[in-house]
Amino acid sequence: MIWNTLQLALREIRRNLLRSFLTILGIVIGVAAVITMVTLGNGATKSISDQVSSLGSNLLMVRPGQRMGPGGSAGAPMFKIADVQAIAAQVSGVKAVAPETRKSASVVVGSRNWSTVATGGTRDYFTAAGWTLSSGRIFTEAEERGGKAVCVIGSTIQRELFGGGDPLGEMMRVADFSCQVIGVLASKGQSAFGSDQDDVVIMPIRTVQRRLTGNQDVRTILVSADDGVSTDTVKARVEKLLRERRKIGENEDDNFNVLDTKQIAQALSSTTRVMTTLLGAVAAVSLLVGGIGIMNIMLVSVTERTREIGIRLAIGALEHEVLLQFLIEAVVLSSLGGLVGVALATGASLGLSSLMNIPYLFNPGINVMSFGISALIGVVFGFFPARRAARLDPIDALRHE
Amino acid sequence: MTGTAPPLIELAGITKTYGSGQAAFQALRGVDLRIEAGEFVAVMGPSGSGKSTVMNILGCLDTPSSGSYRFQGVHVETMDRNQRALLRRHFLGFVFQGFNLLGRTSALENVELPLLYRGEGVASRHAAARKALAQVGLDGWEDHTPAELSGGQQQRVAIARAIVTNPTVLLADEPTGNLDTVRSREIMELLTELNRQHGITVLMVTHEPDMAEYASRQVHFVDGRVAHDHQQPARTDGA
Ligand SMILES: Nc1ncnc2c1ncn2[C@@H]1O[C@H](COP(=O)(O)OP(=O)(O)O)[C@@H](O)[C@H]1O
Ligand SMILES: [Mg+2]
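Residue numbers (this note's numbering), protein chains in the order written: chain A, 1 to 401; chain B, 1 to 239.
In short, the hints are calculated from the structure, not lab data.
A virtual CB, placed ideally from N, CA and C, is assigned to each residue, including glycine.
It is possible that some hints are incorrect.
Chain B stretches covered by chain A per the calculated footprint, using a threshold of three residues with CB under 8 Å from any CB of chain A [claimed, not checked]: (1) 56-69; (2) 74-85; (3) 95-104; (4) 115-129.
Have a look at the derived ranges for each label pair, beta carbon to beta carbon [unchecked claim]: (5) B/198 with A/10: 30 to 40 Å; (6) B/36 with A/292: 50 to 60 Å; (7) B/143 with A/359: 52 to 62 Å; (8) B/198 with A/22: 38 to 48 Å; (9) A/372 with B/20: 44 to 54 Å; (10) B/5 with A/22: 53 to 63 Å; (11) B/198 with A/372: 45 to 55 Å; (12) A/10 with B/148: 35 to 45 Å; (13) A/380 with B/148: 34 to 44 Å.
With the rest of the complex left out, here is chain A (with noise of 0.2 Å):
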């Protein structure tokens, strides 16, 4: 009986290619939407939450003030290197603490300049802000201490100041002194703000200090956790700590903030999500829109049909038998619908994604979502004018012209 239908129903879809084809478009067009939102949305994800984990895993970043951002340090008193080793001599759970010092400066070689960022840390800060070299070497502890001129360059750095080629044991100009480049950062690509991460130059604090920004300041302070430890945990052993040294009391709030790279991770990871969900709620619409075309069709092919209905009727077709030929019609042309949605919507993403250069994560749940929902669309919006059409008098129906 269902395979009679069914093939009744395959009849009638082939009868009318081009009618099933426009009937089709509206979910073809909506399944493709929402799965390929969805998709480039978890690609869009997958990059940022890459690109934060980039900053080093475990990471804490303790700066002065009470909030992150600018101005935030107003009145606050600036860590000193005192602190940093202090965190490393009394907190436990510590894999690697280091200062950090930036000051904007211009950079040359031969003819050419760029404006970058100058960073100064220690042999530590390699490990905790997770850079790896992609060649030579970073700074040894008697030119970290000596605060000599030497430093270690991001690929940004290299492409625009010597065009790709070797620069180990250049000398480069930064700012009024000269130093020697002795190391090649591996690239770390765009950051999840958008920034350029590999515009980079590291050197000793101490070079900084004295050379550039002309203090005792540490303007930032990268903990570490080990492999284990909650970074949850080491939070707070550093907070207390300071808290001591900064000699804040009891109902005072701190001067301080400790920022977890990983809670800035699920900050924006969720903020894609939700992006991600209203696109797919978008697509969605536009998934219900295109149910509503197979009902608009369907209604129209059974008005249509009215005659064939009671022709049906006529020679002995039960009123649940209509209903279900009309059903299976309306639930065969969405499944198929949806089929080649997923298709479209595949070649969509992929292609998409490689042109937004995020990755393509294959999502099984919201195809088979999308490709269950077109099948439900059929069977709801298919019902109600396989209803009509069942409930005709055969003889009202004949009777139609």
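Assemble the complex: chain A is given as a structure, and chain B with the ligands must be docked to it using the hints.
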């Protein structure tokens, strides 16, 4: 004449009113009619006298406003939609003036359709449909769609579709109304053969006395009533 067995069809006091209130129109005003198995009945009468209305009621496509309709002794007027559909499926075959074939569908598929609703398998469906088409003289035309067939051929496909289920009664409302004399005679001979050789009871509406000649009985309708009803010697030749 009937003995103890109930007649095949028995109408008693059938009325049919279309519309209601001011616009109400009584198309049938009390029809009594008995038809025995094996008869070949020509239903005649002027246009608007209620012939089609009574055929639709007999064919369970429509329901009477009042009166009783018994088919093989069973009351039909109280049946629900599905019961009437099953009665059509298993006992009745229809032939319409306008053929009413499915367009863009081959003759074979058209004839198969009633068997599909009976749930028969592909093989037996094909075999039965081919046999029915052969019976109406259309072997070799199975794959043609209605658009590729002449009017006479289309009506034969319709007859094949009506008889493919071996119905007890064949109802034909002006089956030759759209055909020329030669084609009409061919159809009448086919109906006669189905009646004589296969024992199918045939009820046929016609305007033309020539066509009514083929029947064994003529029932004349005037103004929604049976005006006269007489047996006639059956024709023996095919001329
Ligand atoms: N669906 C309908 N609604 C209203 N009046 C109808 C309808 N069908 C038939 N009639 C009327 O009933 C009468 C009988 O019609 P019908 O049985 O078709 O006549 P015949 O077939 O003998 O020409 C006619 O006057 C016709 O106008
Ligand atoms: Mg009529």
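Hints and how they fare:
1. 56-69: That given contact holds, which follows from 4 residues of the region 56-69 of chain B lying within Cβ reach (below 8 Å) of chain A.
2. 74-85: holds (count 3)
3. 95-104: holds (count 5)
4. 115-129: As far as the region 115-129 of chain B goes, the hint holds, because 4 residues have Cβ atoms under 8 Å from chain A.
5. B/198 with A/10: 30 to 40 Å: 34 Å, holds
6. B/36 with A/292: 50 to 60 Å: Cβ of residue 36 of chain B to Cβ of residue 292 of chain A: about 56 Å, so the range 50 to 60 Å holds.
7. B/143 with A/359: 52 to 62 Å: With a Cβ separation near 54 Å, residue 143 of chain B and residue 359 of chain A satisfy 52 to 62 Å, so the hint holds.
8. B/198 with A/22: 38 to 48 Å: 46 Å, holds
9. A/372 with B/20: 44 to 54 Å: This hint holds: roughly 48 Å between Cβ atoms.
10. B/5 with A/22: 53 to 63 Å: Holds, at about 57 Å.
11. B/198 with A/372: 45 to 55 Å: For residue 372 of chain A against residue 198 of chain B, whose Cβ atoms are near 52 Å apart, the range 45 to 55 Å holds.
12. A/10 with B/148: 35 to 45 Å: 22 Å, violated
13. A/380 with B/148: 34 to 44 Å: Holds: the Cβ-Cβ distance is about 39 Å, inside 34 to 44 Å.
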